[in-house]
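Undergrad: Now for the letters of each chain:
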Amino acid sequence: MSSDTSAHSQSQGIAPSKPPFWRNPRVHALFYQVVLLIGVFVFFGYIFHNTVVNLENQGITTGFGFLDQEAGFGIIQSLIAYTPASTYARTFAVGLLNTVLVSVVGIFLATIVGLIVGLARLSKNWLISRLAAVYIETFRNIPLLLQILFWYFAVLQALPSPRQSFSLGEVAFLNIRGIYLPEPVFESGFGVVFAAIALAVVIVAALAKWAHRRRMQTGQSFHTVWTSLAVLIALPGLAFAVMGAPLGWSLPSLQGFNFTGGITVIPELAALVIALTIYTASSIAEIVRSGILSVSHGQTEAASSLGLSTGKITRLVVLPQAMRVVIPPLTSQYLNLMKNSSLATAIGYPDLVNVFAGTTLNQTGQAVVIIAMTMSVYLTISLLISFFMNWYNRRSAFVEQ
Amino acid sequence: MKGMKALAAGTAIVVATFAGTVYAGETFDNVKAQGFVQCGVNTGLPGFSNIDDNGDWKGLDVDVCRAVAAAMFGDASKVKYTPLNAKERFTALQSGEIDVLSRNTTWTLSRDGSLGINFTGVTYYDGQGFLVKKSLGVKSAKDLGGASVCVQSGTTTELNLADYFRSQNLKFTPVTYDNADATAKAFDAGRCDALTSDQSQLYALRILLKDPSGSVVLPDVISKEPLGPSVRQGDDDWFNLVKWSLFAMVNGEDLGITSENIDDMKKNGSDKPDVKRFLGETGEFGKMLGVSDDWAYNIVKQVGNYGESFERNVGSGSNLKIERGLNALWSNGGLQYAPPVR
Ligand SMILES: N[C@@H](CCC(=O)N[C@@H](CS)C(=O)NCC(=O)O)C(=O)O
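So the protein sequences, as listed, match chains A and B. With the working numbering applied, the first sequence covers 413 to 813. With the working numbering applied, the second sequence covers 196 to 537.
One chain only, chain A, in its complex shape (with noise of 0.2 Å):
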């Protein structure tokens, strides 16, 4: 604006006289952004009012109040503990927890996977390559829901019943109701462990910070990973000696129709994270193909005439640089994945849409506030994906020289 200005004066070359304060520029693109905001507002206020009246006249009343009303149905897994004799709010909590659950486990495998593989369709061995390349066009293109489909109903459903349950040495089975595992129940005491823990994990990192100092000023390297690995298996180790092994397992058992102790993954769980790992993995291994391809060729060629090792430089010289390339579209592929885990209903997963914003609303018929608070957390936990990867990129951020 103001270099505007001084462009317009110039031109005239007379000494300018001030205009009045209507036509300065800045005035006027504020007025404008004024009026903008003032109409934006007119426009929602005017939605919401009329929606209110609208409901008011249907005979149906809007508010919050609905929340702290008892729900009444059962849900299938919740990681807080949840009755149907929980409120509306706490079904909220478990379906919003339930979210995030299938959005953190599936964003972590398929970023393994997805890397794995990217990895694999740029190796020089032709029929790994080859069958990289056969993954990702295959399971990219075929619909995530038939995907989810298909693993929930082909697969885990042609699973034997409970009595006749695959089992790993007795401790840990699968069935059609889901994986179940034997779970650690921490005794008194095991609070050491954890402190023994902690403790490792400070000293690894500082002994990761001190052998980084160490190879940028003398240039030695340090075995960091060796050195780290055994701090961190000793110390917990001997605490967990010391303390007497304080550590029990609760094993599942059949008792009546069902396994009872222990973790139990359910299979409507299961299907969904192998179907969104999958699928996104696709998308992210041509994503990390592209991104090393990025780099360019003389980086790895002056890695390796320095004799750096292949998997040096893949770590060192090639993948932090294609981190750069590779984070934005590395986001949009999370995000995507987070909000595709609202396909659960159509397995009967108990997530945020299938119990709030499904059997909630149906419940109550509160489709305005339901449908906003359930949006709201959609836009929230990607506002946060998107954040978090910024932040990550801004650190990583390299430049190529």
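Don't read these hints as lab results, they were simulated from the structure. Owing to the predicted nature of the structure, the values given are computational and were not obtained by experimental measurement. Treat the hints with care, as some may be off.
Said to hold, decoys possible - According to the in silico footprint, chain A covers these stretches of chain B (three or more CB under 8 Å from chain A):
| id | region |
| --- | --- |
| 1 | 221-233 |
| 2 | 397-409 |
| 3 | 485-498 |
| 4 | 516-529 |
Claimed, not checked - Here are some chain A residues pointing at chain B (derived, C-beta under 10 Å):
| id | residue |
| --- | --- |
| 5 | Ala497 |
| 6 | Ile588 |
| 7 | Ser665 |
| 8 | Phe669 |
| 9 | Val767 |
Glycine included, C-beta positions come from ideal geometry on N, C-alpha and C.
Once you have looked at the hints, place chain B with the ligand on chain A.
TA: Just chain B with the ligand, lined up with the frame of chain A:
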């Protein structure tokens, strides 16, 4: 801050001035003008609403829609069907996508009171039951402690299930799907030990299983499920017409008028005053509802009376073979009873 306040005030004023209010009192006129009834039905429930081999909608719930069309247009086929699952149904009615919901829907206080809808009557008195595999050896619902139970979400069924196990002090795992197909499939595969739904629907679902004879319906009935049509609140004329269309079917049976003998009765002139009123020969009962006076004649002639519709769709004339039971006329020891046409 001051600016913000002014802005808010301005917004409030503008809003208060411009916000038009929409009154939903025009359903009756809209339906009349568009020439057909928009009816929400089940996506596929044998006996209640289901597409037959010829591609026509058939069933007890479907017959209610046809009766309304017969009353309004003198033509039972003037219906546009919208198949809905349990979760979608109320939103479809509230939003005006359909004008009447006739989809095995239980009349409850919260639905009547908070969803902006009104129930118009009861087409079928039902109750909730359980279906289990014979091989489990379960004899009563009380033996189901610790079981996994397949159920459809967005239903009273889901709520009753939780209530029942709570009151019996038993544990259970709900395995919930949003459509009947997935629910039946999961039960078939063994994902759950029992499947629960309204009893009438259990029989319908059982036909869909791979091996229907391998499963039994338990004798326990754990709830009251009066199923009936509902309409959006705000148009009493429309509410009345839908209500009386069902009443006409029940009254028809009560008066012994069937789709077969109705023309005879009309031609030969019945001397019973209530039959004359029903057939539109005396009084102006149709006009009071805003339709022609032969409205009830058209319903029974084209759709049949309640008993005919029942037997044809879910009773002896169908493969569900459900007894009249609670759905017999009041005069036969059942609960079906309609206010008189007079
Ligand atoms: N009467 C109950 C249950 C109605 C209901 O949706 N039943 C299920 C269980 S069989 C059904 O009809 N599903 C068929 C479908 O959605 O296709 C209610 O109004 O909530």
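Undergrad: It remains to establish, for every hint, whether it holds in the given structure.
TA: Going through the hints against the structure:
1. 221-233: Violated, because only 0 residues of the region 221-233 of chain B bring their Cβ atoms closer than 8 Å to Cβ atoms of chain A.
2. 397-409: violated (count 0)
3. 485-498: Violated, because only 0 residues of the region 485-498 of chain B bring their Cβ atoms closer than 8 Å to Cβ atoms of chain A.
4. 516-529: violated (count 0)
5. Ala497: It holds, given that the least Cβ distance between alanine 497(A) and chain B is near 7 Å, below 10 Å.
6. Ile588: Isoleucine 588(A) check passes; min Cβ-Cβ to chain B is 5 Å, inside 10 Å.
7. Ser665: Hint violated; serine 665(A) Cβ to chain B Cβ min 13 Å, cut 10 Å.
8. Phe669: This interface hint holds because 5 Å falls under the 10 Å limit.
9. Val767: Since chain B brings a Cβ to about 8 Å from valine 767(A), closer than 10 Å, the hint holds.
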